[in-house]
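Colleague: Here are the chains, one letter per residue:
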Amino acid sequence: MISLAFKNFIRSGSVITGLSLLFLTGLLSLFIGKQFLTKQQQHIADVSAWQQEHIDRNIRHFDKETGLLLYYLRFSIAHESEPINGLSIGQRDVNHSVKSLTIRNLEAQLYDTDLYNPSSLLLGNLDLSFVIIYLFPLLIIALSYNLLSSEKENGTWKLLTVQSGNPTRLLLQLMAMRGTVVFSVFMLLMVAAIGMLSLPFNATLLAFFGVSALYLLFWLATSFWVVSWQKSTAVNAVSLLTIWVVLTIVAPAVINSFLINRYPVPEALDTAVKQRKGYHEKWDMDKKVTMDKFYAHYPQFRKYPLPPGEFSWLWYYAMQQMGDDDAQQQSHELKEKLKNREQAGNKVALFIPTLHAQLQMNNIAQSGLGNHLQFIDSAARFHEKMRLHFYPRIFENTPVSRENWQQFKVASFTDKSSVNWVILLLPLLLSTILLLALSIFQLQSHKE
Amino acid sequence: MRKKVILLIAGQLWRQAFRNKGIFLLTLIIGSLLVYAAISGWSNVAKQNSIRQQFQQAARHDWESNPDKHPHRMAHYGHFAFRPQSSLSFFDMGMESYMGSTVFLEAHKQNSVNFSEAGFSTGLLRFGEISIAMILQVLVPLLIIFLGFSSIAAERENGTLKVLFSQGVTWQELIAGKSLGIIGIVAVLYLPVIIVSIVLWLALIRFDVSAGELFRLLCIAGAYLGYLVIYSLIAVLLSAWSKTARSALVKSIGVWLLFTIVLPRATQAVGAYLYPAPSAIVFHAAIEKDILKEGDSHNPDDPHYKAIKDSLLRAYKVDSVEKLPFNYSGFIMAEGEKISATIYDQHQTQLQQLYARQNSIARYAAFVNPFMAVKYFSMAITGTDYHSYVRFQEQAEQYRYGLAQRMNELQMKYISNKKPGPDDKPYTISNHHWADLPEFQYKPPSLSAVIRQERISLAAFAAWFVLLLVLTRLLSKQLKVV
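Protein chains in written order, with numbering that gives the first Met the number 0: chain P, 0 to 447; chain B, 0 to 481.
Rather than coming from a laboratory, the hints here were simulated on the basis of the structure. Among these hints, one or two may not hold up.
Cut-off 25 Å, straight-line C-alpha distance, at most; resulting in silico cross-link-like pairs (DSS-like, lysine-lysine) [to be verified]:
| no. | chain 1 | residue 1 | chain 2 | residue 2 |
| --- | --- | --- | --- | --- |
| 1 | B | K288 | P | K63 |
| 2 | P | K230 | B | K20 |
| 3 | B | K418 | P | K63 |
| 4 | P | K292 | B | K424 |
| 5 | B | K250 | P | K230 |
| 6 | B | K3 | B | K476 |
| 7 | P | K334 | P | K292 |
| 8 | P | K408 | B | K288 |
| 9 | B | K2 | B | K476 |
| 10 | B | K417 | P | K63 |
| 11 | B | K308 | B | K322 |
| 12 | B | K418 | P | K286 |
| 13 | P | K408 | P | K38 |
| 14 | B | K20 | P | K151 |
| 15 | P | K151 | B | K442 |
| 16 | B | K424 | P | K287 |
| 17 | B | K161 | B | K2 |
| 18 | B | K46 | P | K286 |
| 19 | B | K46 | P | K334 |
| 20 | B | K3 | B | K20 |
| 21 | P | K63 | B | K424 |
| 22 | B | K46 | P | K338 |
| 23 | P | K230 | B | K242 |
| 24 | P | K63 | B | K2 |
| 25 | P | K157 | P | K6 |
| 26 | B | K322 | B | K305 |
| 27 | B | K250 | P | K151 |
| 28 | B | K442 | B | K46 |
| 29 | B | K418 | B | K308 |
| 30 | B | K46 | P | K336 |
| 31 | P | K38 | B | K288 |
| 32 | B | K292 | P | K63 |
| 33 | P | K292 | P | K157 |
Derived CB-CB ranges, DEER-like [as the list claims (entries may be wrong)]:
| no. | chain 1 | residue 1 | chain 2 | residue 2 | range |
| --- | --- | --- | --- | --- | --- |
| 34 | P | Q41 | B | E287 | 15 to 23 Å |
| 35 | P | P298 | B | H431 | 26 to 34 Å |
| 36 | P | K63 | B | S42 | 52 to 60 Å |
| 37 | P | K338 | B | F464 | 44 to 52 Å |
| 38 | P | Q41 | B | Q397 | 29 to 37 Å |
| 39 | B | Y272 | P | P304 | 54 to 62 Å |
| 40 | B | S42 | P | T155 | 52 to 60 Å |
No experiment lies behind these values; they were computed from the predicted model shown. Here a beta-carbon is modelled for each residue, glycine too, at the ideal position from N, C-alpha and C.
All chains, full assembly: derive it from the sequences and hints.
Modeller: If you want it as structure tokens, here you go:
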């Protein structure tokens, strides 16, 4: 009987239209993801070519003083994208994937914004995570909202229950049938994704698959729960749509506005203003003030005393260093605030499946805020490394020709954090089980 | 069409709607969201602007309290421009979160506008932001659909439609009456919230309101009313067209989904695909290359700068630059600044045109998607659209250029032409010059300029009305009662 019902269901024109539309949108999203990855790779290749040319040109121009040369030279660090980034673009289109930094004051460069079209950012990306989070639930709703009610309204339900004996089991079978169809489309898209983006088989892919699958199960359970109320078709439809709108539109927007108001970041503006003053005011101060602080920060450079004369590169870079040192507290507070924002977001998301799925997909695809903050930290470490490499050469004025300039390729950063399976899957699993249990309880207790 | 019949039909829909528990719950949810959006939007604008004002003053104070200095040091000391958030952004966040708040303005270098909310945001931001505008654009249409999907189809299913027509009601009266009923419900529910938020806004700008700004509010109100009327008509027409209420609901939801969720992203993706934008590094490298082509002020043998030097020496009849009556290196820097700023402007304009072309697809999509028409129009009027973003950048760049050139002028005028020796103190000028620099002030565009920019959105609105009226007429002839 179930196989008959399945044939009946799958032959319906609107079901086929819905399924193919969703599948095509999914393919489009993969294409967009692929485009994004290509663009990222092109970007990094552009930076590599530019950096080589930039270094060559400047060492020809400024071959006398290492200090002057390093005023101009920029060294880049790239935020590498794994192919899985194409499935969930996340915040990667907002944030720079490459930082090109001079060894001067870091705080003045670290937060430079990428070139972007704000309209595109506002309207958002049509990536696979969008298709899974927004569109798949709608398909599930469309396939199942009238599961019980239409049979009842047509008067066929009695007949079915008489034939099968156990109405709850029958409903579960009918629901499972719809679930199978949804999962087939999802599996097809995953296979297409693996092919189109050349995704390697690894833990991140499994994690993305796992969180998506559980997210779909959550929606199947939600639909089943609404069906178990045994209300009319119209009530089911309106209720499920309301749940969808609350979970995908209202709750995220309200929570985001709450987080932004709860954790405003005036520290960013403060850092910018402080670092400017921290550096520039040193021009008008006694050099000793700057040098004492500089030697305190880097005792290893005490062996370079301040040379006579009005200007020296040692003093200049010590002043630049003061921009960072004086803004250190604000900069630290800024990072703390952003970490708090991220943690608060993750915590709230545990209770809201749509948010949880999106944030976890971003995490897996390395496109979330946490990942960006790690890149910022790594860019800062890279900057420090370059500073410590060049400071002695500047202070000794090592001839420019003595340096092996070929060694300065674009550095790269890859997030190495591993998947936390429990946090990833448990919230969705629990809510699915809870909804399923509620539905069965509902069905058993309201038998007619 | 008879007015009395229309009102009668509207009244009947009204009574039915208020008897429905689900609808009641939904209006309550949307109503409380509107209140939340008004309050949080208001506090966000107030908080952000007070933070930005505070730092604008701090930056200005730092600038003015500099001691006697060489003017070129001051040109590097530079200034900050903090972008004020438009007061109407409490109503429509628009692109606010993507625009950045802070730009550092210094000689020789055009810096990016940094610290956008988006850059500091978790992925949550990309679900969209809550504001009164978002609720009116996205959620209220959904309510309209819930109110409207069964309006005619259910009567057809019940057979009451036959009764109505036997009493002499026409299709046009029926459609007008049902739409009016829906609009009436929406208006009565949300008018109070809109009025309260206008009062909140007035408090935000301390009741310092001009006729122009009131006209702005009127424009917004008109646009949203038009948008909601369009949606009501769509919902009622779909209901008239469908055999059953259920199929009307599915169709209306499909339309809503396409308009508000899928099409905006898809059309923008098409734009970005058709007009690929350069990466930051390619953009800046091209500028660098053009500037080097024009002349390299660091290279003593550069032909461009050598020609300037020779012509100056000839004009002033002296044999070395040190004998010129003004500071030579100040002059050269002014020339360099002019060249680099002009080239930067050219590239920046090109980039902005490219972005505008990317956006044009989604903009013209307003003719198939009224959501885009109201979204763009509302953002433009509230000063949170793409043009405002560009405008701030342009004004900040103008200010930066003025600052750099003013410092170069001071250098030419007051700094000696003789190079100081290695042990001499650097030349300085009196610090009273610093306060002479006027403070940065962002000037928003005039309303008439905004409306001219939004011709497409307005034309799309007009097209939608014509389309729906024509459809009503055509359907009136073809629709069946059973």
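Colleague: Is the straight-line distance between the alpha-carbon of P/K408 and that of P/K38 25 Å or less?
Modeller: Holds, at roughly 20 Å.
Colleague: For the pair supplied as a hint, B/K288 and P/K63, is the alpha-carbon distance within the 25 Å limit?
Modeller: Since the Cα atoms of B/K288 and P/K63 sit roughly 23 Å apart, the hinted pair holds (cutoff 25 Å).
Colleague: The hint says 29 to 37 Å between P/Q41 and B/Q397; measuring C-beta to C-beta, is that right?
Modeller: Because 33 Å falls inside the window, the suggested range holds.
Colleague: Taking only the CA atoms, is the gap from P/K63 to B/K424 under or equal to 25 Å?
Modeller: The hint holds at about 24 Å.
Colleague: What's the verdict on B/K2 and B/K476, does the C-alpha distance respect the 25 Å limit or exceed it?
Modeller: holds, 21 Å
Colleague: Does B/K305 lie within 25 Å of B/K322 when you go C-alpha to C-alpha?
Modeller: Since the Cα atoms of B/K322 and B/K305 sit roughly 17 Å apart, the hinted pair holds (cutoff 25 Å).
Colleague: Does B/K308 sit within 25 Å of B/K418, going by the straight-line distance between their CA atoms?
Modeller: Holds, at roughly 17 Å.
Colleague: Against the 25 Å threshold, does the CA-CA distance of P/K230 and B/K20 hold or violate the hint?
Modeller: Holds, at roughly 13 Å.
Colleague: Please verify whether B/K292 and P/K63 have alpha carbons no more than 25 Å apart.
Modeller: holds, 24 Å
Colleague: Check the hint pairing B/K417 with P/K63 against an upper bound of 25 Å on the C-alpha distance.
Modeller: holds, 23 Å
Colleague: Given the proposed pairing of B/K20 with P/K151, does the C-alpha separation stay at or below 25 Å?
Modeller: Since the Cα atoms of B/K20 and P/K151 sit roughly 22 Å apart, the hinted pair holds (cutoff 25 Å).
Colleague: Under the criterion that the straight-line Cα-Cα distance not exceed 25 Å, is the pair P/K292, P/K157 satisfied?
Modeller: violated, 86 Å
Hint compliance for this structure: hints 15, 18, 20, 24, 33 and 35 are not met, and every other hint is.
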